[in-house]
Every structure is written in C-alpha cells, then in structure tokens.
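Undergrad: Listed in order, the protein sequences are those of chains A and B. Heads up, the first sequence is in the working numbering, so the first residue is 1 and it goes up one at a time. Heads up, the second sequence is in the working numbering, so the first residue is 1 and it goes up one at a time.
None of these hints come from the bench; they were simulated from the model. Beta carbons: idealized from backbone N, C-alpha and C, even for Gly. A hint or two may mislead.
Partial selection, computed: residues in chain B whose CB lies under 7 Å from chain A [unchecked claim]:
#1 S15
#2 L16
#3 D17
#4 G37
#5 G39
#6 I40
#7 G42
#8 R43
#9 Q47
Residues per chain, in single letters:
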Amino acid sequence: MSTADSPLSEAVASQAAEAKDRLNEHTLKTVHWHFSDETGSPFWLEKKAELNFDPLKDVKSFDDLKKFPHFEDEWLRGGPVRRWVPKGHAGKPTYVFETGGTTGIPKSRVVIEDHWKDYELFSETLPDEYFPRGANWLMLGPSGPRRLRLAVEHLAQFRDGICFCIDLDPRWVVKLIKKGWMEHLEEYKKHCIDQAVTVLTAGHDIKCMFATPKLLESLGEALEERGTSLQEVGITGIFSGGTEFTPQWTRFCVEEMLGGPPEESGVYMTPTYGNTLMGLACGKKISAADDYKIAYYAPQPRAVTEVVTFDDYNQVVDYGGTGRVKLYTLTDEFFVPGFMERDEGEREAPYDVYPWDGVSGVRPFHELASATTVGVY
Amino acid sequence: MITLSPLRWGKPYESLDFTDVVHFDTGEPIARIGNVGGGIVGRDMRQAHKARQALLQMSTDSLIDCCKRAAVLFESADLSVGDSTQSVDQFVHQQSASTGLPEHMCRSNMMKNSFVLSNIDQILDCLTRGLDLSILSRGYGEEGRGVIVSYQSQTPVLGAVLPNNSPGVHTLWLPAIPLQVGLALKPGSQEPWTPYRMVSAFIEAGVPAEAFGLYPGGHDAGGAIMTKTPRSMIFGSAQTVAQHEGNPRVQAHGPGFSKVLLGDDVVDDWEDYLDLMVESVLSNSGRSCINCSGIWASRHTREIAQAIAEKIGPVEVLPPSDPESQLAAFTVPAMATGTHGMVQQDLAESGVEDMTAQYGEKLVEKEHCAYLRPMVVRADSPDRQVASKEYMFPFVSVVECPQAEMLRRIGPTLVGTVLTADPAFVAAAGSSIDIDRLNVGPIPTNRLNWLQPHEGNIIDFLFRSRAYQLADLPVAANVS
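Chain B extracted, bound-state conformation (with noise of 0.2 Å):
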C-alpha cells in the first residue's frame, strides 16, 4: 500500500499520525496518509519566503518550460509518488477508487491539468496583456511607455485548502509556479493524488523541491495554511464561500450555480441547443462549479426539461472502469442521502414537477457508497427554491421566467452561457456583476476557455499594480 507523507519545503517528513484512504466501493485501505498539525504548518510558513527565493534563482522562462515538461510527465510518465513508483494508470484507478469518480473522468481531468501546464506561457501571456514576466520577477520594469510599470508580490507561496471529490479545479493553483509563488497546499483526503503526482512531476522537470509543502492533515492544517499565507484558496461549500466574502487574502471556491439563459428570440428553436444543455449538466457527473444546475427560459420549459430527462434520465450507475460510466459515487452514503432528502422537499413545493420520475429510483445504495442519477426538474417560476439550488450530482432545475426578469432574478452564476442574437440582452448580460464567466452563444458551460481568468485573475490575486518612481541621486561632490 502506498504511504503519501507530508512534504516540507521539499523534504517529506516521517509523521506519526496516518489516516487511511479507502476504496470508495469496498471500503479497503488503498493508501494510507500522514498528517501534520497546524504547529508544523505555521512552523513551515515562517520559512516561506525561501520557497519564493527559491524560484526566483531560476528565470520565468525556465519555469514555464519546466512546466511544459511537467505537464509531459505528469500524462505520461512513471513518477515517484509516496513511498511508491506510479504509472498513469495507477493514478487514474486509485484517483477513481477514492473519489469515486469514473476513470474516464479522471484521466480526462488529468489531461485537463496537463493542458493547462503545457500551455502556460499563453495563458500568463493572456492573464498579463502580454506584461514581459520579468517585471514581476523584479517588482518593476519598463514596457516601452516610457513609464515604470510595479507588480509587487503579495506573497511568497499560494496556500490552497484543496477540495477532496473534484480533480479538475487544481488548474487553478498551477499557475503559482511560473509566476515564481511557492506552494503550501493541504490535499484533499480523498484526493491526495493530483496534488502529489503534479508536485513530483514539477520536481523531476526540474522546479526546486523547496519551492512545495504539502500538509495533509484536519482542519488544523488547513486553518494554518488560510491564516499563515498571505494569499490562498480554499474550496467548499457555500457556506465556506460566504465565510471568507470579502477576504483580500482569500480566494473561495465553492458551488457555482452555473446557468444557461435562452433569450426570447432563441428559445423556440431550443432543440438546437439540447446537445449543449445535456453536456453542461452531464459531464463530470455534475460535480463541478462549472455544471449547468439552471436553464432559465420564458417558454417551452416544459419541452426543454422533458427532452433533457429523455437524454439523462435513464443513465444508471455502472463500473468506474466502463468507458460508459456517467455516474460519480458519494463515497459518504450520507451525503447521497441527505442530498436526496434536499431534493424531495424541493419537489414537494408547488409548481415544481420532476421530469424524470417514470427514470425509476434516483437513490442508490450499496455498503459503502451511493449514487443519486440524474435529475430534471421544471419550476414554474423563479419563486421556487429549487431554481437556486445546486447540488453534486447532475441535477438541472429548468426554470420559466419572462426574459425581462431573467438578469435580476438568477443570482450569483460562475458560468452563464447566454443563448440569444439580441444585442440588448447580450449587453445586459455583460452588465450583470451576477455573472462571472460569460458565454455569449453555444457555448456548454463546462466548456472554459483557459486564456481567461476564473473566479478573479490570479495574477491580481497574488500580485499588486502599484507605482513606483525613480529619481537617480545628486553625484556627490567629494566622490573620488
């Protein structure tokens, strides 16, 4: 079995206190983790800045090409993980034995993260407007203006609280290390393996090792990684989103509440985009912020959710090793049963109606895990509760309301694709602060484009814009 230790600042550490990653399905221990506390966290912290220095021996050009060769190891190559020497396929099928994730998945958000790596240079190029990388390596330079251009570092290392069931959102600390940041990330403990697996492959590309700390552990751990960096991310619930609103330090990711929006001038040729609908809601089982958890038109909803639940509704659990698996497991039978639980009451409200009933049991028990299949649900109005629900398993509401209303009554949206030519409609969308990634056109929302920023740019996340002037001294007159 294999033993994930912490690593600090590069040196992995002996802890003596392990917690076990289990199969989701047998419950067998697959591999067992080591922990630290809060104490070696902080402990860590104070070194931070040697993690920074660290990269800065090497230039932003090494770095991004030490990511590209990352990026080849971390898809393809025998890497050493643990205690332990692990192939891709290893990877794929312990990623998916304990998160309960289809393997198909997994390695599709391996290639995911490898894309982002192997891209890296064009998406800094893109999230900078082009600013020479060298300036932020110095905190200032010229860029042919004739005036000094300041980015000053926020930060040594990025902290991350990382999330335990969504492998797909570790693009989002990548780009720490071509930006020359350190890394001080708490994995998942169900998802320790990108981290650890993208970390070993950052080092044999050739990153300085001093430049990582990972720190599995409780919440301990993770509460020293938010309080002791300056900067860092941490992936929850709402209810964590709303803990840390308005935090400089802190980057919350939490539900999405991802939508599509058909305008009045579409939504009688809805058909048209049935494929993309399906896609937005199916795709990663519904685990992701970036799912559709809403379509919102004025008519037709009816037709939209029935066509939907036709698609979707007959999907049934299956291995995680079938290339046809649709279905990620909740490996806390709890959760899956709390959450149906949710639903049933959403749906016991008037004017809201499950599309998918005649689909059979949507709650599927086994020993040590369960499933929920996937829901369609029409609301008849944007009053129901269900209209602003999300949940982890791919579960649309299909909600009517007048175009008119639709922009003031979605609330907070991570990805909205709008579905309209009217060009008022598109520049109210583009007016509304609701809406955080938008899609103007037929664009699914799980579909992102990694040349533009997520949830805020990181670049202004972990530097800041500031002025800086310079005046050369008066030559002193006894200078010999």
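The following block holds chain A by itself, in its conformation from the complex (with noise of 0.2 Å):
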C-alpha cells in the first residue's frame, strides 16, 4: 500500500503536530538570529534591506519562510565569503567548503561546526552491531575541499574511530568524462579503488566505510577480482550517498554484491542523501519487501525537505505525489529560506521513527536533467 492511502496514525499524527511546533519555534530562533543586527551574518543583514517584510516581525512560523525569495545558490559563488559568517559567531575558525568547479567559480558555503553535528545527529541512527563504536573507517569518497570528506572522518573520531581517506578529486572526473577520455576515466577509478584496496588489507582493523555508489560496486569488484569481498576483509557497515541511488541499484548491492540482508549477510548498508547546503538526509531502512524504495527525512529542524509541485513551488503535492524537492536550512551557521533542489521525487508520510515529511524515489529534475552530470565517482 502506498503511503499516499495510509492516513496517519494518531500516534504518528500527535508525534508529527509536536514535530511541526519545534519546528515553528527553532524557525523563529534561527530566523532572529540571522536578522538581528548583533548576530545575523553580513548577507543576510544586507538582504533584508531588500525585503518587502521585516523577517522579525513578519515570521511567526515555518510556513511563514515562503515570504522570502526562493535562495539562489549562485549567491554562494565569490568572494568574500566572510559575509556569510554571521556576527554571533565571529572570531570562530570557521571552514569553508565547495560544490562544483569543474570550470568556473565554484559555490563556497562557510561552516563552523554544522557538519559535526549533523553526523553526530545521523551517527544515532547506525547500529552499533554493524557500526561497532571504536571500529576503524574508510571514506572512500571525493576528497580537496569538500564538506564530506571532514564530516566522516568527524563521524568517525565520534564513534571513537579514526578515519582512512583516499585521494579523488571529483572535478577531474568531470573533465574526463566531458572530453570523453573514457580509458583515463576507468585508469583513474583503478587508481582511486587500488588505493582503497591497499588501506583496507593493510591490518587496520576497518569495519565501516562511506563510499559512493559507484565506488562501492567497483570496490566489490575489485575485492572479488583478487579472490575475496567487503566481509573477508571485515566491512559490517557502509553508509552510501553523495551521488543518485536508486532501487534497483541497492537491490544489486544487497542480493549480490553483499550476498543478502544484514541479517545474512552481515553487513548492513544504508543509503543516504545530502548535499553542501543541507547536511544530510537518513534513509529509512531499505528492504525486499518494500521493493527497496529509498526514502529519506531531514534533519528536522536542523534542515527541512518538501516536494513541491512543478509549477507552484510554494504548494506541497499531496502524500505519494510527484513534485521537485525543496529544501530549507535552519542553523545557526547558515540560513536557507526555501532552495530549489535539482531533484525531483514523491512526498513521504510521517513515521514514528521521523515524524515529518520525507522524499523518495530521488532523481534528477526532468527539466534539468539531460543538463545534468550526475553520479560520475
């Protein structure tokens, strides 16, 4: 049955109104921070000068936020990115990481410790039987000024852990794939496997790892093609994301590359979904029975997801309709009123585990798509 036919349970419904009033409360805390004139970050100060509204007056709710403008992220391209810093948390260290840059300027957001805690927030939902606290990680994902990169390895120094990186830098893939140099492409994927290989047997005692999707079937490949697999060389945990997922690919993942479900396999492998902007989405739990649909739910109230229909992007579609994902963050670090996500996908209903809305079924925008480079490491 689709979700779309399952009205919430009272349990749910009572779970899911609490939720909504968090999230009222935190919208307006962070929205006085980021406009009061002590805190609020030089960017935002100087856009609410061009505001029809006053944000601290006019705010009063989540639903209050569709009075902003939609966030453009080319805001996020240039110098100086100081303005993003908002005053409250001046004389910080403050990190800032990127997106795109294959060519041109690449988007730059500043972060403090937001990345800290959204994996803390998402290291709660591992198991420790699969996610043993003190185990070892590999991060098998693009390296260079990513925001990734350091929340793993964040992720596992929290759980008592201590990282292993590779070196890959995702821009040059691009480049390759555009000038359609396939030999070095596959030459270069080798490279960034051989490597991982190479941590992986070296006795480090690594039982986690984050690896993309494609990286992690050529990582299975590999391991096989040298006679062993992810269980022999003792993985029990991958946390997957950073590029498209789908259902048929975790389908393959689970029944052949890794033999099974967990309880069979023994190893267990959850999807996730984020991005620079927002942190990073939790993936309820996949399974055969559920024809290993891929839903995920946001942070909330940390960070929120809509599905929104195509032609009215401030009108949610109703539960198990189709519409283009939209997302808010909400921190004290950074602040997005409402971003057009380059994704579309169905709307989720509330559960117990995470009683807001969620999306699955997350692809690339059709109107977007044929532009669109996606899944290339």
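Starting from two chains that each stand alone, build the complex the way the hints lay out.
TA: Pasting the structure below:
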C-alpha cells in the first residue's frame, strides 16, 4: 500500500504535530539570529533591506518562510566568503566547503561546526551491531575542499574510530567524462580503488566505510577479482551516498554484491541523501519487501525537505505525489529559506522514527536532467 | 503493454528500474523495459566463459542448423518476447512505432537479418575462406597441407552496444553464435525489438539460453559491456568511432560517408546510373551508413544533382503504415531541428547550392517527432564543408572534383561505388585505403554482399591466427 493511501495513525499524527511545533519554534529562533544586527551575517542583514517584509516581525512560523524569495545558489559563488559568517560566530575557526567547480568559480559554504553536528545526529541512526564503536573507517569518496570528507572523518572520530581516506578529485573525473577520455576515467577509478584496497588489506581493523554507490560497486568488484570480498576484509557497515541512488542499484548491492540483507550477509548498507547546503538526510531502512524503496528524511528542525508542485514551488504535493525537492537549512550557521534542488521525487508521509515529511524516488529534476552529469564517481 | 526484462545468461531478471518505450508520433507508451546497471553486467561478465562452454557443447554444424531454424522463426513465427507472445506483424508495428521507421522498411530489415541467418553457412565459409569450423572450436587443426592451423578465440562472448534507430545493423553480431561465441547485448532504448526477438528465435531454435545476455540500461550498462568483454562492437556517432579508434578490443560502427564516384569515361552517360544513385541515397530513409552521402564527378554535377532532386525532392511524409512511405521520423525532434540548422550552415557557404529548394519546406515538425524531407545539394568543389557531411535523412551532396583528385579527397568511405571501366582508376580505387567496401561497376551502395566482410572480418575480430606446434613426448622407459 502506498503512503498516499495510508492516513497517519493517531500516534504518528500526534508526534508530527509536536515536531511541527518544534520546527515553528526553531524557525523563529533561527530567523531572529540571522536577522538581528548583533548576530546576523552581513549577507542576510544586507538582504533584509531588499525584502518587502520584516523577518523579525513577520516570520512567526515555518510556513512564513515562504515570504522569502527562493534562495539562489549563485549567491554562493565568489567572495568575500566572510559575508556568510554570522556576527554571533565571529572569531570562531571557520571552514569553507565547495561544490561544483569543474569549470569556473565553485559555490562555497562556510561552516563552523554544522558538519560535526549533522553527523553526530546521523551517528545516532547507525546500528552499533554493524557500525561498532571504536572500529576504524574508510572514506571512499571525494577529497579536497569537500564537506563530506571532513564530516565522515568526524563521524569516525565521534564513534571512537580513526578514518582512513583516499585521494579523489571529482573535478578531474567530470573533466575526463566531458573530454570523452574513458580509458583515463577507468584508470583513475582503478587508482582510487587501488588506494582503498591497499588500506583495507593493511591490517587497520576497518569495519565501517563511506562510499559513493559507483565506488562501492567498483570496490566490491575489485575485491572479488582478488578472490576476497567486503565481508572478508572485515567491513560490516556501509553508509553510502553522494550521488544518485536507485532502488534497482540498492537491490543489486544488497542481493548480489553483499550477498543478502544484513542478517544473512553480516553487512549493513544505508543510503543517504545530502549536500553541502543541507547536510545529511537519513534513509528509512531498506528492504526487499518494500522493493528497496529509498525514502529520505531531513534532520528536522535543522533542515527540512518538501516536495512541491512543478508549477508552484510554495505548494506541497499530496502524499505519494511527485514534485520538485525544496530544501531549507535552519541552523545558527547557515540560513536557507527555501532552495529548489536539482532533484524531484515523491512526498513520503511521517512515521514514528521521523515524524515529518520525507522524500522518495529522488532523481534528477526532469527539466534539468539532460544538462546534469550525475553519479560521476 | 509488453514488458521486456533483462536476460542474464538465459535467465530473465526482474528489474526495479523501468523506462517506457513510447510511440514516436503519439508519445504513448508501447512497452516498458527493465534496466540494469553496470554492476550487474560486470558481475555476469565474470561468468561469460560459461556462455561459450554452453555453445561448445554443440557442434558448429548443429549451431548452423539452429541459425537456419531461427531465421524461419524470426521472420514468420509467433515468438515469446518479454512477457508476451509476439507475431511478426506485432514486431513490425512495434518497431515502426518506436523508431519512426516506415513499416515496410522494418519488414525489409527483418528480411535482411533473416537472410544472413539462413545463409550463415555460406557466409562463414566465405569469411573463413573454407576453413573447417571445427578448427575454430578446437583452436587448432589440420587443413591438409601438413601444417597445423590455429585460430584462438579471443573472447568467450561478443559484447554489443546496439543502436536506437537502425534495425539493419543486427546482421553484424549474428555470426557470433555459430562461431560458438556468446552474446552480451545492450539493446537500443528505442529498438529493443530485434535483439529480443532474435534471441528468442535462437533459443526456440535450440541454441542454449545460457549463451545470451540482454542488458538494457543507460551508459553505465553499455560502458560495462565495453570494458568487461574482450571483444565488443558499438554503434554511434563519428565521435564514438574516434573514441575507439585503434582499440583492438572494440569494433566501432558510425557514419559511413558512402559514395558514388563517376569516372571520366562514364560521366557523360550519368543518366544510365540515375536509378542507382537515387536508390543509394533514398533507401531505408537515408539512415544507414551504407546510404550514399556523396556523389563525385568531374562534370555534369549540376545536371546530376538536378535529376536526383527531381526524383527525391517531392517525397512527402506519409504514415508509417503506408507502403509508399519513404521517410523515417526523427523520434527526438531536436535532432531534426539541429540537423536542419547544420544543413542551413552548409548551404550558407559560397559554391553550395540547394537543388531541392523548389520542393518546399524540408523540416516537418509534429507534436512528438519531426521529419526532414530529402535534400540534394551541389558543391562546386571538394573544399566545401558539405562535401564531407552525412546526415540521418536522405541527403546527398553532388561534388564537382577532377577524377585525378577524387581518391585523395574523398576521405573515409564505407561503401565506394566506382563507376568506370578505366583500369587505372579501378586499380587506384582498389588501392585507396579510404574505401572499405569497394564496388566496381553499377552496384548501389546499399546492396551489400553478405558473403564478404563488413568493416573488418568478424573472424579476425573474434579469433587470432597463431602458431601451434606439436611434438610427441618421449616414451618413458619405465611405463608398464
């Protein structure tokens, strides 16, 4: 039965109402922080003058965020990057993370501790049985000025482990694809996988890892070609994401690459959805019974996802309906009052673990899909 | 609606990822295809040796008999395709509906594929120059000269990334089966029909199902086929061909730039060859690499172009079911508008003349598709950009060029029909490494003799001729 047909149970409805209250309260607090002269960032304080309403007075709930114009990620290109740092955080050590950047100026987001907090929250969703505390990690994903690399390292450290990383430049990967240098692409992939295999077979007691779906697939294949497997090298927990994730790929991963669900294979794999703007959305547990459907739930109230109609981005679709993904970031470090993602999907109903809206079937937004290079590494 | 599932060494696989195959004119879904990713392809390719082992259980003679039975089944029987039973008429209708090719052209391509299968014994006999096929099975043998001959198989399976819109090209991978080489095919997203029906016919005819993999999917699946099979073929653009140039593992098929060259000794009698030129340009809606895209002559080029234009310029768009229909639709309308734009650029160059201008608008746009009506242009010199162009509709440039310069100016030419009785010109054409298939005399470029190799001999692609020496071991003294 689809979620569209299933009204919320009384308990979930009550949980959802409480979550909405928390979200409203959090929204109010966040807007005040970003638009107060004492704590706000130069960017938002300057933007405030352009608005035809006063955020400090006119935003009383989450729904009032719709009064803001949509966040344009083009604003994130170029400097000075300090204009994004809220005055309330002045003097704190600040990171800058980038997205894109294969050609031209990349988009930058400043972060102080958000990536730690997001991944500490995410850590609570990981089952200790498969992600044992104290185990070491492998980060098989992009390196360089990426939030993901430091976030995964923090996750490992937060869980008392040490994170091993590889060198992977996704901008070079995109260039190889654009140039049509497929042999170089294959060699670069091998170069990345070789680094991972070396780390995994060097006696480092690595049990957990992050990997993009494509790299996980390549790693599994490389290990099998060497007569071993992810299980045999000691992996028990995998958190995967960073690029497009489909139920079909998940099925292949669980049934063929890992050899069955965690109870049989001993390896737990969880899909995630995230980006530098929002952070990390967790996946509902996947299962064959549910056709490996992948539903994500944002870490509300720090971030919110909505699925909105294609012709009115302020109107959410019905449960089960298809629309474009809209995201909000509401932390004291970064404020995004509605950003139209380059993805579409179906709206998912709240449930007991995450009593707020989720999104499933995430895929490139059909109007932009042909111009987008997805899942490149 | 018919559902086509991936086939993994004979076993259907129920995918969770489907794409619709839609009717080119209405946009209505007519089938859905289950897709797989590169991971599944890679995994299956590690078992590819089993496909060859299954085929080696049968003799080449038995497999040739199977091919002949498969030919009959393919062209006449109700066959199990996907989750449905498919008649010949349904096959033709479905193929036309998704590719935009007129139905009578679909039938003609079907017959072409069937012809190759039913004559596979002669074809293999010619391609191997009479080699006992058991030598290919065993890897070596003796031909009667007292010398061992060895042909070593280079791959257990032939991979192929198949095209979307050219149902005639499937003839190229068919010989793999009687050569006891399995098939890992990525069907085109708009033309899954031929590979699915052909594989069904093969299995129905007695070929082991384990010999076949059908892997519909995106670039990921195609890329995996290319990288994981030791020998593969791909069909694509000039860019695709350039990308794989010099790679002995890949046979890349792209635009043909096929041409008709009129020698100075016959050019004054060009009218005798008008029908040949028209057929070479117009057949199969000008979509094939074997369609003529250039006619080169030292004189009379305006008259030649004018005469061809009079024959093909008036051709109109007709419904695909009309037996008179000559034009295939562009199922992606942007391809037609883009091509039209490129042709306009060609025409803007001085010395280039549109000889079909008087026959009305060339671009016919519909809601879900578009057409380009035939065009003939005249170029006063091989220096004009249009002289080296090929488009996916009936389009030909008639190029004025002195005979003495022709062979060094024509560039890559898949089929070159040379109309001459001049022995020196014939010899020079025979030496031109730009021409792949050489026709000397009045043979339309689209009429292929399947007993001869096409873009390389598939035997040389799948097998390697090598030395194999044998000597008896000395008899051990203490063997009782």
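Undergrad: Enumerate the violated hints, using their earlier numbering and listing them in ascending order.
TA: 9
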